[in-house]
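Undergrad: Listed below are the residues making up each chain.
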Amino acid sequence: MDFQSFERYRSIVGDWDAFIAALSRPQPVCVWANTLKITPEALAKTLAEHGCEALPIPWYSRGFTLPNHISPGNRIEYLAGLYHVQEETSMLPVVLLDPQPGERILDLCAAPGNKSVQIAVHMESTGTLIANDRDYRRVRAIGHALERLGVYNTSTTTYDASSYPVSAGVFDRILADVPCSCEGTSRKHPEVLDPNRRPGASSGLQKAILKKAIQLCRPGGRIVYSTCTYAPEENEMVIQEILNQTPPNTVRMLPASIPGFVSSPGLSSWQDHTFDPQMTNAMRVYPHQNDTGGFFVAVFEKVNPSTL
Amino acid sequence: MPVSPTLATETPSPELLQTTKIVDAAPYFDTLQERFGIPHETFQGLCLVQANSKILHIVNATHQPPLRPKTDGVGMPFLRINMAVFKLTTPAAMRFGNAATKNILADAPQPLVSAYLARQTFDVTHEQAKNFTGRGYVLIGYQNRILGLGFFQPAVPDSDTPNHDSDIAGQVESFFPKAWSLADDCNPFGDEHER
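Protein sequences, first through last, are from chains A and B. Residues in the first sequence are numbered from 1 upward in steps of one, following this note's numbering. Residues in the second sequence are numbered from 1 upward in steps of one, following this note's numbering.
Example chain A residues on the side facing chain B (calculated, C-beta under 7 Å, incomplete):
(1) Gly51
(2) Ile76
(3) Leu79
(4) Arg104
(5) Val139
(6) Asn153
(7) Thr156
(8) Tyr159
(9) Ser167
With a Cα cut of at most 30 Å, we get these calculated DSSO-like pairs of lysine-lysine:
(10) A:Lys211 <-> B:Lys70
(11) A:Lys207 <-> B:Lys70
(12) B:Lys130 <-> B:Lys102
(13) A:Lys45 <-> B:Lys102
(14) B:Lys54 <-> B:Lys21
Footprint (simulated), chain A over chain B, 3 or more residues, beta carbon under 8 Å:
(15) 58-64
(16) 69-77
(17) 86-95
(18) 139-145
(19) 171-183
These are computed hints drawn from the structure, not numbers from a lab. A quick note: this is a predicted structure, and the numbers were derived from the prediction, not measured. Backbone N, C-alpha and C fix where the C-beta goes; we use that ideal spot for every residue, glycine too.
All chains should be modelled from the sequences, with the hints used to inform the complete structure.
TA: This is the structure in structure tokens:
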């Protein structure tokens, strides 16, 4: 594979050779236990009884890595809704969002619904989850995932996330897992390595969605912004722009770190841009650190009512 | 169907009342109790909303959907009501079926489960059908995890048929959803098809 388009990140990924080596390997198959139906321990046991050794993911008590030869969507445990298949780094935003039972939570860019069902299960299928996407066909896919796992605390909506109505009410927590250039998914989707792709093409939309998330969150609530790309144009530069636009003390960035999961801090500078010192609270994930895809997550607390 | 907000569970949130059509759940829960022995308490804290003319959804009574934008779906598909006998949806059967006390085969042997997941019709023995009360919907599970609904058709005793297997209680037609079903050559218990 040609990783030429990633050369621009050589100075920030740390061990470049390990990075390239990881990108060249197949990505592990990961699942998490649907605790509405089964405990993680019982899931590991039933998988073992059916000849599948599930290795616990060290940082996520519900998560497991399955052998690479397994077809996780064809197994009895999947069909019974006992687990959900999700790339390991894609589990990070919800863990950092830390959903609680009974809360009112909004997933602004929810399709295909993997993170929505993870949120709903963390909420123990109580309270209110709104899973939104702007494409109605993709909203249907969210519904399928919710049904298989047996979740009944969720409403789906089809709306442009960047202009989501204020009349939807306020939310305790909001996930803004925004559309991006998906560079971090190259192990599964090599087409993202196309050198003609331009990182940062969606940054206008990304800023608008983050801004909207801040607007809809209640004071004291939490917002998680995430992408599956390395491009600072879609990560730190988006956040910096929004921090510049918000009055001081509207939001603050919380440390995004998880014990047992290796990550790098958000960048303090990129090319000729210097970022807010809080930016190092964000989490950058490179594939060689945990044998995963690439990811970026930033966690915000809304401190004061927004005037955005 | 009745639409009075006489709920078997609890009062829905103002947002649910404003944005959905709440239905009286009691008659539907009665039907499930009668066929499967699922007690009303199983649905404590939940209520039923009319998604469209064909189906009811189940949702937390405390759920607060947005006033705007309009929702595409609220809660989980629960009961199909556009048929002679109301039919529990597969997600609802999977979620609530464990509370059933009759018309349930909770731990079907693997060959039957494979047939069920491939949407095939299969025979059940008298032992397997011991709590079946007659023709109608039955819950099919594996290791006490319900996979969905089937339709039980009792065998007709026929002394004129010399090879009639007297141990067969009848046949179950699989209602496992087409979109979720497995190809015939797929073994859900893991086997040589995994590469």
